[in-house]
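Here the protein sequences come in this chain order: A and B.
In terms of my numbering, the first sequence opens at residue 38 and continues consecutively.
In terms of my numbering, the second sequence opens at residue 8 and continues consecutively.
It is worth saying that the hints were derived from the structure and are not from the lab.
Across the chosen pairs, the derived CB separations fall in these ranges:
no., chain 1, residue 1, chain 2, residue 2, range
1, B, GLU127, A, ARG91, 47 to 57 Å
2, B, LEU77, A, GLU87, 36 to 46 Å
3, B, GLY222, A, GLY95, 33 to 43 Å
4, B, GLN143, A, GLY139, 50 to 60 Å
5, B, ALA276, A, GLY139, 56 to 66 Å
6, B, GLU239, A, ASP105, 43 to 53 Å
7, B, GLU124, A, GLU145, 46 to 56 Å
8, A, GLU155, B, ASP190, 20 to 30 Å
9, A, THR60, B, PRO119, 39 to 49 Å
10, B, GLY270, A, ASP105, 47 to 57 Å
11, A, LEU54, B, PRO191, 12 to 22 Å
12, B, GLY168, A, GLU155, 24 to 34 Å
To give an idea of the interface, some chain B residues facing chain A are shown, with a C-beta separation under 10 Å as derived from the structure:
no., residue
13, ALA102
14, SER103
15, GLU152
16, SER153
17, VAL154
18, PRO180
19, ALA184
20, VAL189
21, PRO191
22, GLU192
23, ILE194
24, GLY196
25, LEU199
Please read all numbers here as calculations on a predicted model, not as lab measurements.
Every residue gets a Cβ at the ideal spot worked out from N, C-alpha and C, and that includes glycine.
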Amino acid sequence: MMASAQRPLELILARNLLTSLSTPAFLADEDGALVFYNEAAGALLGMSFEESGRLGPGEWSAIIGPFDSDGNQIEVEELPVTKALRDGRPCHAEYSIRSTNGDQHEIEVSALPIVAPEGRQGAIVVFWPTDGGG
Amino acid sequence: MKLKVWGARGSIPAPGPDMNRYGGNTSCVQLTLSDGTELILDAGTGIRSLGIAMASQMPRVNILLTHLHLDHIQGLMFFPPCFRSESEITIWGPASPEASLEDRIARYISAPLSPVEVRELPCEVSFLDTPASEWQLGPATIRAESVTHRGPTLGYRITEGDTSVAYIPDHEPGLGADLAGVDPEWISGHDLASKADLLIHDCQYTDDEYPEHVGWGHSRITDTLTFARRVEAERLLLFHHDPLHSDDFLDAAHGKAIECWQGLGGDPAKIEMAAERREVDVNSAGSSASRPGPAGVAVGSAGR
Chain A
38 MMASAQRPLE
48 LILARNLLTS
58 LSTPAFLADE
68 DGALVFYNEA
78 AGALLGMSFE
88 ESGRLGPGEW
98 SAIIGPFDSD
108 GNQIEVEELP
118 VTKALRDGRP
128 CHAEYSIRST
138 NGDQHEIEVS
148 ALPIVAPEGR
158 QGAIVVFWPT
168 DGGG
Chain B
8 MKLKVWGARG
18 SIPAPGPDMN
28 RYGGNTSCVQ
38 LTLSDGTELI
48 LDAGTGIRSL
58 GIAMASQMPR
68 VNILLTHLHL
78 DHIQGLMFFP
88 PCFRSESEIT
98 IWGPASPEAS
108 LEDRIARYIS
118 APLSPVEVRE
128 LPCEVSFLDT
138 PASEWQLGPA
148 TIRAESVTHR
158 GPTLGYRITE
168 GDTSVAYIPD
178 HEPGLGADLA
188 GVDPEWISGH
198 DLASKADLLI
208 HDCQYTDDEY
218 PEHVGWGHSR
228 ITDTLTFARR
238 VEAERLLLFH
248 HDPLHSDDFL
258 DAAHGKAIEC
268 WQGLGGDPAK
278 IEMAAERREV
288 DVNSAGSSAS
298 RPGPAGVAVG
308 SAGR
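Bound conformation, chain B alone (with noise of 0.2 Å):
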């Protein structure tokens, strides 16, 4: 599977000079498996620019939305192919008793916050709860559960042959647990994430200041770092950044990260920051490759 991310921003766009390096758009990340399967994962604004570059390439993808926060949804309304009549668009999210996907997502998407509505859109776009049981994409199984987060809120395993990336951007498994001592069936979030060969979740606070967040839906980075060793990830990428979050404070957390990582037992070139335009080869037992995004950003750089 090869990985793309295109926004890696939490809660709200950040640009800015202070941010070009890890990028200011929320969350989105293209998945593309072995037979040129799309997959895209939450509709964030970084899912305009992936949208202007695939240009028609992309008549059919399937979008996976973690939830219906507006950063993960934002950019469904920006998104080249909606507004194309050759494009085939299948829209994947939590269930709700309260109404169905569409009719959520049509809160967003009509007046007056859109000057469209969804019935509107010259694509042909469906909108499918995820299946309580795992499903087929293309060549690879999709598996949802339910995390922690305020709200329905998804996690995401996507497998293709023996390769797994979990997907988990908004998640507080840490709330009212010890992640280090509970057993892993008590774990939001730890079977979609088992051994997988590269978890992206989120990393939205540092330890300092987690205190004023608490139950809010985001981890402090070391029950990130927790979560990841306890589920025996192979890799893993720190994602949903705080907007607050400028570049230099990424890597100065980034540099305290590894530190910890390395205290827990883990391998420093393992973890990494997220960024956008960043692209991971990902392949099994850990033998992923990253190239650098425009800003070049090394993967697992320690000391920073």
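Here chain A stands alone, though its shape is the one from the complex (with noise of 0.2 Å):
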């Protein structure tokens, strides 16, 4: 028998979902990695998921900051993804991230971890800019 090599059907479902929203939105696994974006959080990155493939936390973070009001980076540890994989409950937060092109976006981040009956499987991060960008 081969090694399973495949994503648990929550993550396969919730980017099924997540393909169909027109909201910004991101997949993250167990780990933190993001797995996948939608086109309207490409838009909002400025670069589509296709080009960028999977990025672990590290990676992801030197892309978009994110920053608090005073500028400062936010710190992987402290972002409301990592506390929804970490806390498995939802977490709620603004700042604002950088795109690819310099732009900056004032953004509200809502993290939804998945949990499935083997336990926490990732979470769904959606991003509500709030500076009219996106």
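Relying on the hints, combine the two individually framed chains into one complex.
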């Protein structure tokens, strides 16, 4: 029997949902890596998922920040996605991100853990632009 | 492995003169392993005829349920071995946080829907959640994984030696996904069906019918064909026919499926519509040989 390389069904269904949304949304795996983001998120970041592929926590934070109201980069450990994965509960925050063309966007972020019978499989992260971007 | 189809219909039994060749019984497939171990895939109404045919030869059986929709369990209460004290029946199915497998099945095998209760069955019956990892039944390795359908639903992969059968009768992998382009790791059921010698898969809707049924948990035929090509299945048995689809309709759908299959680079001899009483010897590397059912429908005949 081959080793399983397939994503959990809950992540597959989440990706299918995100694909259909016009709201910028991301899918993180249980390790906090971005394993998918939709076209709306790609437009906000200035880079499609097809271009970037999977991004580990250090990779995506290097691209987008995020930054607090004083312009300081927020530690990965303090981000909603990390808290959602760590604590298994939804988390919400406001911060700014940087797109690949250098533009800054003010956003609200909601991170929802995906909890399956086998445990936490990942998280859905939705960006709500508050500055008219995206 | 030897395989026999006892019910290939989906949703609800569909008896009638227009349904005789493909049959009107709901999902049930018998899989006989090399040592005689009997596995039964789903317990739709087809299992009644299977139980009659096996008579007393089958004291010990394993029934692998993909899910608990009625068309997959309706025959349980009419499976003759359930009413024989010498029978040992193990029923495997998807776990649920809501209730045990036995309690969920007992909602059907209990008043007022049934004249008997599970506890009254004279056979020795046990209900087991499918394990998260592979397990052995006789000489076969069994693997169950959740797949895209409505409610908790499993697909199965049964492997004996170097021969594998994948059984995914209720499955909508194309829901919200571009099956032709998405990476395999994002395709529901991909690992279960990967390079299977025989894939038995949902084909409930034609492409014309599908837009009215998106999200109902079943596949249009082109999605099934694309899925089969993506997983590189050696042979494909199209299964879970819509109760509205008559024999003539399914003949025509088969013809279109063959055209599409060839367009995808498939061998037309490797695709067929499941029909009741169809028997298939499944061997590795696609040397499967089918024997027609009573109606004599040829296997993989082109140009229907």
